[in-house]
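J.: Read top to bottom, the protein sequences are chains A and B. Mapping the first sequence onto numbering that gives the first Met the number 0, position 324 (from 1) lands on 323, and the numbers just tick up by one. Mapping the second sequence onto numbering that gives the first Met the number 0, position 172 (from 1) lands on 171, and the numbers just tick up by one.
Since the hints were made in silico from the structure, they are not lab data. Treat the numbers as computed from the prediction; the structure is a model and nothing was measured. Some clues are possibly wrong.
Distance condition first, Cα-Cα at most 30 Å in a straight line; then the derived DSS-like pairs of lysine-lysine [claimed, not checked]:
#1 Lys28/A <-> Lys85/A
#2 Lys69/B <-> Lys196/B
#3 Lys222/A <-> Lys253/B
#4 Lys431/A <-> Lys380/A
#5 Lys222/A <-> Lys196/B
#6 Lys434/A <-> Lys9/B
#7 Lys85/A <-> Lys8/B
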Amino acid sequence: MTKTITDVICPFCGTLCDDIEVTVSDDGKKILEVFNACAIGNEKFHHAMAKDRPVRPRMQQADGTYKEVSYDEAVEYTAQMLANAKKPLMYGWSSTNCEAQSIGHEIAEAVGAVVDNTAAVCHGTTLIAVQDVGIPSCTLGEIKNRADRILFWGCNPAHAHPRHMSRYSIFPRGFFTGKGSQSRKLIVVDPRHSDTSKLADVYYQVEQGRDYELLQAFRTALKGEWLPDVVAGIPKERIYEGAELMKSGRFGIIFFGMGVTQTLGKNHNIDAAISLTKDLNEYTKFSIMPMRGHYNVTGSGEVLAWQFGFPYSVDLSRGYARYNPGDTSSIDLLIRGEVDSVFTIASDPGAHFPISAVKRIASLPSVAVDPHITPTTEVSKLHVPVAFVGIEVGGNAYRMDNVPIDTRKVVDPPEGVLTDEQFLERVLIRVKELKGVKA
Amino acid sequence: MNTVTLTPKKQSDLYLEVNNITPDMFAGKSTEQIAALPVYVGNTEHPLGEFFTVTGAAGASAAETRIVIKGDSSRLKYIGMKMTAGEIEVEGSADQYVGGWMAGGKIHVQGNVQAFAGVGMRGGELLVDGNAGDYLGAAYRGDWRGMQGGKIYIKGNAGSDLGYFMNGGTIVVDGDVDVFVGTHAEGGTIIIKGNAKSKVGGQMVQGEIYVFGTIDVMLPGYIYRQELEKEVEGMKGKFALFEGDTAERHPKRKGQLQYAKLYLKQ
Ligand code: SF4
Chain A
0 MTKTITDVIC
10 PFCGTLCDDI
20 EVTVSDDGKK
30 ILEVFNACAI
40 GNEKFHHAMA
50 KDRPVRPRMQ
60 QADGTYKEVS
70 YDEAVEYTAQ
80 MLANAKKPLM
90 YGWSSTNCEA
100 QSIGHEIAEA
110 VGAVVDNTAA
120 VCHGTTLIAV
130 QDVGIPSCTL
140 GEIKNRADRI
150 LFWGCNPAHA
160 HPRHMSRYSI
170 FPRGFFTGKG
180 SQSRKLIVVD
190 PRHSDTSKLA
200 DVYYQVEQGR
210 DYELLQAFRT
220 ALKGEWLPDV
230 VAGIPKERIY
240 EGAELMKSGR
250 FGIIFFGMGV
260 TQTLGKNHNI
270 DAAISLTKDL
280 NEYTKFSIMP
290 MRGHYNVTGS
300 GEVLAWQFGF
310 PYSVDLSRGY
320 ARYNPGDTSS
330 IDLLIRGEVD
340 SVFTIASDPG
350 AHFPISAVKR
360 IASLPSVAVD
370 PHITPTTEVS
380 KLHVPVAFVG
390 IEVGGNAYRM
400 DNVPIDTRKV
410 VDPPEGVLTD
420 EQFLERVLIR
430 VKELKGVKA
Chain B
0 MNTVTLTPKK
10 QSDLYLEVNN
20 ITPDMFAGKS
30 TEQIAALPVY
40 VGNTEHPLGE
50 FFTVTGAAGA
60 SAAETRIVIK
70 GDSSRLKYIG
80 MKMTAGEIEV
90 EGSADQYVGG
100 WMAGGKIHVQ
110 GNVQAFAGVG
120 MRGGELLVDG
130 NAGDYLGAAY
140 RGDWRGMQGG
150 KIYIKGNAGS
160 DLGYFMNGGT
170 IVVDGDVDVF
180 VGTHAEGGTI
190 IIKGNAKSKV
200 GGQMVQGEIY
210 VFGTIDVMLP
220 GYIYRQELEK
230 EVEGMKGKFA
240 LFEGDTAERH
250 PKRKGQLQYA
260 KLYLKQ
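Start from the sequences and build out the full structure, keeping to the hints where you can.
T.: The following block contains the structure:
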C-alpha cells in the first residue's frame, strides 16, 4: 500500500507552494509520485531519490580523489578549521531551515566569522535599498485577492517561479479579482522578450542598463513634470501612459528580479522602484515585492536580522556585528583575499561566484555541506552530505513575502545521514570546547 | 609639530584594521605606548609594534602630531578613522575607509585609496594623488548622512557612488568618475574635471555638481535652465545649468521649489 501525504511544501523556489501531494512507498522510504508541483519542484523531490547520492562525508586527498570519512571526523575537521581561522567565511544558508541557520549563526559568533547568504548574489542589493528608503509591501494572498495592476520588472516568473502566476499574480480568481487575469492589467519591463512578456498587456523593452532612468522617468511622469522625448529607448508618451495605467488601478504590485538587482544600477534600481511605489500611494494602493529565488533565502535574512540586526554579509570578526556589502560581502572578501577558511552550506557558490572567488575557495581550508555533489563540494576539502530539508526533515522557511511556513518531512533520509541541524549542533558543541566557551 | 614614523617590518597574512592609527590616539604617548596600541587581523588582536617599527615622537595633542606611514599600506584598513586634528602622510597606497568619519586634520595619500574613503566625513581634508575607489565621501550603509563637511581632493579618477547621501563639504576629482554621482544628496559641492558616465544627480534634492567634461547619458529628471558664467576651482568658464531631480521631493524657500543644480561646462 502506498501513502499520500497532502499539503506538502515545495522546497525549491521562494514561492514555497503549500499544496503539493506526495505518494510514498509503504515503508516511508521512497517517493513514488509528486502532484501539483511544477517541473522544477517535481525534479527536486525526485532528486532526493537518486541512487548515486553520497551518504557519508568525503575528504579530498592530495591526489584529488576522495576518501570516505565518518561524521565524527567531519565534525572534528570543521570545528578545528573554524576555531583556528582568523576570519572564516560561513556562506550559504538559503536552502536550509531557520533552525539550522540559527545554530550556524551561534557557531559564527563563537568563532568570529563572517556570515553571508545567497542574497549576496541576488537580492542583497534589494536589502540595501530597503534600508535606505524602506519598503511598502504586502503578502501574496493580498495580491491574489486584490491586485489589479501587476508589474514584472526584470524577472521571468514563467521560468524561475513557474506557479507564481497561476497561484498569486495573474490567473487566480480572488475576492476582488473574480475574473482572474481579466481583472488585471499586466505590465512587463525587460530588455528581452520572455515567456512572461508574451502575456503582458503593456510591454516596455527597456534599453539594457537603463532601468534606473526609466524608473525615475515614471516618477517624473507621475508628478506631471517635463520628460525628454525618449528615455531608456521608450518614447515619453508611453511613459506618461504607463504612469496613468498604474495610477488608475485599485491595488498595484511591482515584482522585480535579478534583471534589475544585479544589472547596472543594482540597489539604486530598487531604491527608485520603491520610491515609485511610495509615490503611487499618493493616488492608489501600491506594493512592491522581490521575487526571491532560493526557497528560504528570505528566512536566512530574517534569522540573521533578528540575531544580529542585519540581513546578510554580517562580519562578526571583531565580536560585534558589522555590515557593509562591498567590504563584508562574500565575493569581495574572497577576491580581495580577506578570509582564511570557507564553510558553505545549502548553496552552490562554486557554480555562481566569479572564477577568481571560486579559485580562492579551492586554495583555502574549506567545508561544503550539501546533499548533492556540486561544483562547490568539488572544490572544497571536505564534503558533508546531509538530509534534504523540506523532504527528509521539516523545519521553518520564509516565503518571498516574509510569511513563515513550516515545511514537512515526507520520507526518511538514507540510513545514518545527518540533517543540517544535527551536524551543526555537533560542530557547535566542539567549537565551544575548543574556544573555551561555556556550553 | 612632532612626527611619528611607522615603518612596516612584517606583512600580515590577512588585512590589518588600523583604526588606532590617528593623531588622536598617538598624541601624548611614547613610542612604546604607541607600539602597544592594538591593531586587528580578523578576530585576533595584536600590538601595532608587531607589524611596524615606531620612531620619532608624538605631540602633546592631536593637532601637534603628524604620522608618516612608510612603505605599502594597501592592506591597511581604516587609516585615520574618526581623526579630529593633526596630519597623516601615507607614502604608498591605502585600503578601504581612509579618513572615514574624520572630523578635522589632514590626510595625504601618495598612492591610491580603495572604497569608502571619507565615508561620513565631517571636516578636515583628504588629499589623494592617485585614484579613489567606490563610495568616496558617501554614507555608510543605512546611514542617511554622507559627507557633511571638509574637503576631498582626488588627483586621479574616482569610482561609482561618489557623494552618496552627501549633504555638505566639497569633493573635487581631477579625472573621470564612474556611475552614480551625488545620489540622494541634500547639499555639498561635487566638482568633476573629467568625464562622468551616467546616473549623475539621481534622486538628488539639493547641492551642486559641476562636470567639466561630458556626461554620457543625462537623467530624465534634469531640466535645462540657462547658461551662466562661473568661476570654479580657479577656472572661469561658461556653464549650462540644469535643475533636478524632478522625480524627487524638494523643499520650498520663499514659495520657490529648491532644486539640485547640475552645471555642465560648455
Ligand atoms: S513554483 Fe516554486 S515552490 Fe511552487 S512548485 Fe514550482 S518550484 Fe516549487
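J.: Can you give the numbers of the hints that this structure goes against, from lowest to highest?
T.: Going through the list in order, the structure violates hints 1 and 2 and respects the others.
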